[in-house]
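Reassemble the complex: the two chains are provided individually, in unrelated frames, and hints are given to aid placement.
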Amino acid sequence: MLWLCLRLPALPLDALGAKHSAGMLALSHNNIIVMANVAAQQSGVAAGMSVASAMSLCSNLELRPRDLQAEQQCLDNIALWAYRFSGDVCLCPPNAVLLELSASLRLFKNLARLYRKFISAFRRRGLSVQLGIAHTPLAAELLSHQSISPASLVNASGQLHKEALNNALRALSISLLPLAPKTLNTLREMGMHTLGHIQALPRAELERRFGKGITTMLAKLQGEQADIRPKFAPPETFRGQRHFDGGLHSKQQLRFPISALLSELEHYLRLRQCLNRDLQWEFHYLDGSKEAWSLDLSQRHFDRRKLIELVMLRLEPLSLQGAVETLSLRCEQFIGNEQHCEQLFDTANSSQQQEKAAQVLDKLRLRLGSQRCHQFALQDAHLPELNWVLRDAHTATQTPAHKKLRPTAEQVTALSATDLLRPNWLCHPPEAISETAEGLFWQGELHLLQGPERFDGQWWQQRQTRDYYIARHQGGALCWVFKDCLNRRWYLHGFFG
Amino acid sequence: MKNHSLNQLLDERKLWRGQQLRRSVAAGDRLSTGFSTLDSALHIGGWPRSGSTELLGEYGIGELWLLLPALREHLTDRPMAWLNPPYLPYTPALAAQGLAVGRQLLVRPKTLSEQLWAAEELLRSGAYAAVLSWFSEPDLNDRQLRRLHIAALEGQCWHLHFRPASLAQQISPAPLRLNLSAVKQALQINIIKQQGGHAGQQLQLARPAALYLQQSCAVTWPVYNSTSVAKTQPHPQALRKISLLANTGIFTSATQQDNAVNVIKTGSNEPSH
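Residue numbers (the numbering used here), protein chains in the order written: chain Y, 248 to 744; chain B, 36 to 308.
Rather than coming from a laboratory, the hints here were simulated on the basis of the structure. Check before you lean on any hint, since a few could be wrong.
[Claimed, not checked] Have a look at the derived ranges for each label pair, beta carbon to beta carbon: (1) R524/Y x I185/B: 32 to 38 Å; (2) P564/Y x D74/B: 43 to 49 Å; (3) A200/B x L560/Y: 35 to 41 Å; (4) S67/B x Q708/Y: 45 to 51 Å; (5) I185/B x Q520/Y: 38 to 44 Å; (6) S67/B x Q488/Y: 54 to 60 Å; (7) S67/B x R736/Y: 42 to 48 Å; (8) D74/B x E685/Y: 39 to 45 Å.
[To be verified] Negatives, chain B to chain Y, calculated, CB over 10 Å: (9) S40; (10) R48; (11) G80; (12) F170.
Every residue gets a Cβ at the ideal spot worked out from N, C-alpha and C, and that includes glycine.
Bound-form chain B, shown alone (with noise of 0.2 Å):
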């Protein structure tokens, strides 16, 4: 009896097994992500290449580094599209790491209606390969963000939704939801939600060194006030050798990135929705 509700179940695809489902993406369908230890974590091996894909978390903490080597990819083939992003992209910077600058679009709608509607039209319309999206109100409800993966799912487009932490616990229709956060020189990755089998999975990736390099204690900061001004002149010695401590090697060597970098599986075998 037990038996035949499971099956009742599994016909009507309220239920399916991870492991098929594991075997079903077929590897076309994902991207690598440019990290060996988050494509392990992941059941698919890599990013999906269409649908959305959460990315919960602050600004400034290596979100689009995290995205950058998987993006890199995406442009050689289609152009990418921002929309609505809480700061100007950087283009130079994203340039030198290998972001065409003709490749991306930046739209900017005002109100959130309008943001819905272009985040779907550019999802839809298969012209793009990656849209990025911010919502200035992200607490969407469950119908608009399955739209948003739906309208992905038939352009073909990987649809990365920035939302912020604290809607973690939120029920969501992406198949594949990240909490990001920074701990000590690295970026923090909770998988909340993946594919093809149990999520729950957590790692880092340590960011390239040079940006956390410390070059000496604080004291020997100039100084904020404008009273104290004055204080910083005696120590131009202190200066110096901050200056100098820039331009050695010490910035070349540390351009490797994620050596270093722990799985940290938990006991937690929730089953992704």
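Chain Y with its partners taken away, still in its complex shape (with noise of 0.2 Å):
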């Protein structure tokens, strides 16, 4: 086993995106200063002071209350982006995430790698960190208080030098440990400042005097027990936001914190190897204001590039009622990852092609309007306006049961008669002929042709009793029109095109 602590000894200034604020700064809570930055403690302002006493150090120091739930979901961000490097992490409130890497080291191959990738990826953030590693979560957890560099302690292969280990265990001040005060000062009053002084001490006896709580940490810390602790697991949902200091107010500016959001998501859904089917936005304004916007998605396979035009083309729209402060997105449905196999030799159906088709679909649904984009459907009936449906065009590429319905070649040249008598336009709703002395008249003069072909049905509801006939228009078209034998009146209800 090998585990990895990572420990952020500035969470609560870090949290809060405020460690890089020239003036001096410090947190407090409940009138304690929590603590300061580095040009609040040149002047002399530590961790532990009154809020009065500090402010009489140095006048112009900026107080700003501790953010707990923000340190919380700083810590939560920082887990779910372990989690990518290994299976097992757990939590060490307040400030500290443990991994378990002797597994991913199989995938890592190299732990000096991994161990560059860790520290980049905290610099990148403007992230203090401190590592700490060692063969059981709480002698990692102990010896990331210490900046020991894991280079001394652990080869690149992952093999922990033993001896190195134990001395800096040794030399570990009793005060990290995770004792109750009282046993601390009873042991500081015995004279013993370091774990090695500890450890050289018989376990039994250790326990009569300070009860059980001492010897299972000491256990613990060896290895010689185990210890269980919960596991990290990714939420159900996805949240990210993004906090502008001073607000924007282009919709170009928000285009990178877009692509941030969006690549953050891009890993959560790796992770859970999952597929989002919405985008859920939501505008903080300086002024107080919100404003929410989504998206629905049908895509199969998540394309950050694409999204990105997406979600671009979605806010072309919208105007920006001020300056935005905050930007979140929210994710909740979610689907499964596809698993879909390729046949070798079929490259007409390929899924790809289907990718393209519910990317562009996706836009057309989003600028025009899903009541824009239909899918044709047949269904039982008997009037001609009636024997098709049309669909919203979202389910489109889902359906690879189409192929039954195209009938083979031998059916199509087999055509048989009616069907040859059926127009290729519609006219939905039929529009009125008028009748004159001459004869029929829609934009010009109608001649009949052939009929009548009756149509009688509908009769449980309202009765259609019509007959249709062939006709020829003035200029030459095909028409299909129907006399109504109802209210005795025609109508015109498709070209033959």
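Structure, rendered in structure tokens:
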């Protein structure tokens, strides 16, 4: 077992994103200074001071309340990020995350490479981090308080140097140990200042004097007793947000944070091996108002670059009602990743093709509205205007069943006579034809050629009795007209296109 | 000197030799129209597989019927899209003629700019084999037409652009332009422009005779105005005769398509644009 502990000593400051502010800054909680930044520390402000004494030390100190919720959120994000390196991630509040690495080493091959990845990721985010590596979680946790370079404790293939590790543990101050303050005081009074001093004492004596807690702690530290901790699991819904101090004013400026949020989502989806079906965005304006907008997707795999274009397209008709202070993204609907198998020789109907169709459909539905994109479906009914339906086109690419609807070549050549006498164009609703003494008239004269073919149906609702004829229009077009036998009027119902 | 300037034009690709172009169009780049006479009238031997094809004419004269064999072929590969059609495509009839219902998309954008945008997206996506488009304002300018054509080439998509016949004289970047009109029981096709040689071919494709079947003279038809409705009653026999006729075997014999087609090659040697 190889445990790595990532400790963020400046988490309260990092969580507020205020670490780089130039002025003196301190965080307070219950009138006690919790943490001060470098500038404030130089002028003498230290953790544990009361607010009043800190203010008397330097009058221009900026005080902010500690945000525990933001800290928790920040730690969760780090755990989520760490989850891509290891399946065994535990949260160690208030400011550390533990990872089990021995299984990951098989994947990442080299510990030094993995280690560099951690360091560069934290540097990019501007977070200061201390690492501790050991054979038990508790030891890693304790070692992370001291920044000992892991290179001296472990080699590249993940083998710990027993000697160096024991030396480092022995040198640990007892104040770091998770023991009751009273026990710590007694130990200190006994003249024991490092872990090595305690380890040298016989366990049975220690247990008799200080209770069972200290021996189990030591056993866990050495790996003699299992140290079981609750595992971290990625949350069921995705939430991400970006905060802008001055607020953003234009949509183009939003492009970069949107891209960053989508890349966060991409990692989240890879962790959970699923696909999102919606993107719910929210703007928080500087004046406190909110605006929500969402995007439904029918994609079959996540493509960030295509998605950005789609989001920007969705953003186009919106107008910003002020400066955007916070942009948040939420995803709640997920589906499992589809494992589709591709055939070796079938290039025509490949999934890539369907992917393209889904993308263009997403775009069209987004800009034109879903009520303007349709898919046809057949229905069993007698009347020509009832035996088809228009469906919203979003299910278009997900039904491979359409193949069986296509008649084979033999069926096509053997068209029955009645099939030929159906128009390719349908006027819906039918247009009225005016009757004059000379005959029928609709944008020109109509001459009946053949008929009638009677349609009589729908008696269970509103009976319809129609005699259909084929007529030639003055201009040469062939029309499908009918006479409604009930109201004795003529209607145009289609063209033989 | 003359020869020199001709070479210069050829080098700058402002001029090209039709013979070479015809050979360069490989067999895979065209699709048989399903009508042998039309295939032979087109220099590349069929419909192009990508790019714009303009069809100028009215509705209801057989314009869809002309395309059906090719569209059937296309649909086995990729779906097709209807963009802003003037009427609804009647799916049951089209399905009976072999166009799979589930592989058609109907898009009806409201404004011209949205129509152009949607057309370009559909053409460029590469997901659709054919896009049949009608624009609410058919008089598009050269730049818009060229954009559509290039989008269709990029997306390997056959863009069928339906426009009114009044625009036949207007110059268009589409490599193939057909003027369609109805003549007696047939569809008249005038090739206004085509790649690979001279245009100006005229031909007629006979439409299914069952459509034009004339049963009897119009006198025996039911009378139109409501005042004379009563007069239809004295002729029940005539009506029965008509419906009987409709059920005889004439229909089945008339299903064979395009027999009797004449190609009239005119003397015009107008080169394609």
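To see whether the hints hold, each was checked on the structure:
1. As the Cβ distance of R524/Y to I185/B is approximately 34 Å, the hint placing it in 32 to 38 Å holds.
2. Checked against the hint of 43 to 49 Å, the C-beta distance between P564/Y and D74/B comes to roughly 47 Å, which is consistent with it.
3. Between A200/B and L560/Y, the C-beta spacing of about 37 Å keeps the proposed range 35 to 41 Å intact.
4. In this structure the supplied range 45 to 51 Å holds for S67/B paired with Q708/Y, their Cβ-Cβ distance being about 46 Å.
5. At about 40 Å, the beta-carbon gap between I185/B and Q520/Y stays in the expected band of 38 to 44 Å.
6. S67/B and Q488/Y have their C-beta atoms about 58 Å apart, which keeps the hinted 54 to 60 Å range intact.
7. A C-beta distance of roughly 45 Å is found between S67/B and R736/Y, which places it inside the suggested range of 42 to 48 Å.
8. Against the hinted window of 39 to 45 Å, the Cβ-Cβ separation of D74/B and E685/Y comes to about 43 Å, which satisfies the hint.
9. Non-interface status of S40/B relative to chain Y is upheld: no Cβ of that chain comes within 10 Å, the nearest being about 46 Å off.
10. With a minimum CB-CB distance of about 31 Å to chain Y, R48/B clears the 10 Å threshold, and the non-interface call stands.
11. The claim that G80/B lies off the interface holds: its Cβ sits roughly 21 Å from the closest Cβ of chain Y, which is beyond the 10 Å cut-off.
12. Its beta-carbon lying about 15 Å from the closest one in chain Y, F170/B satisfies the requirement of being farther than 10 Å from that chain.
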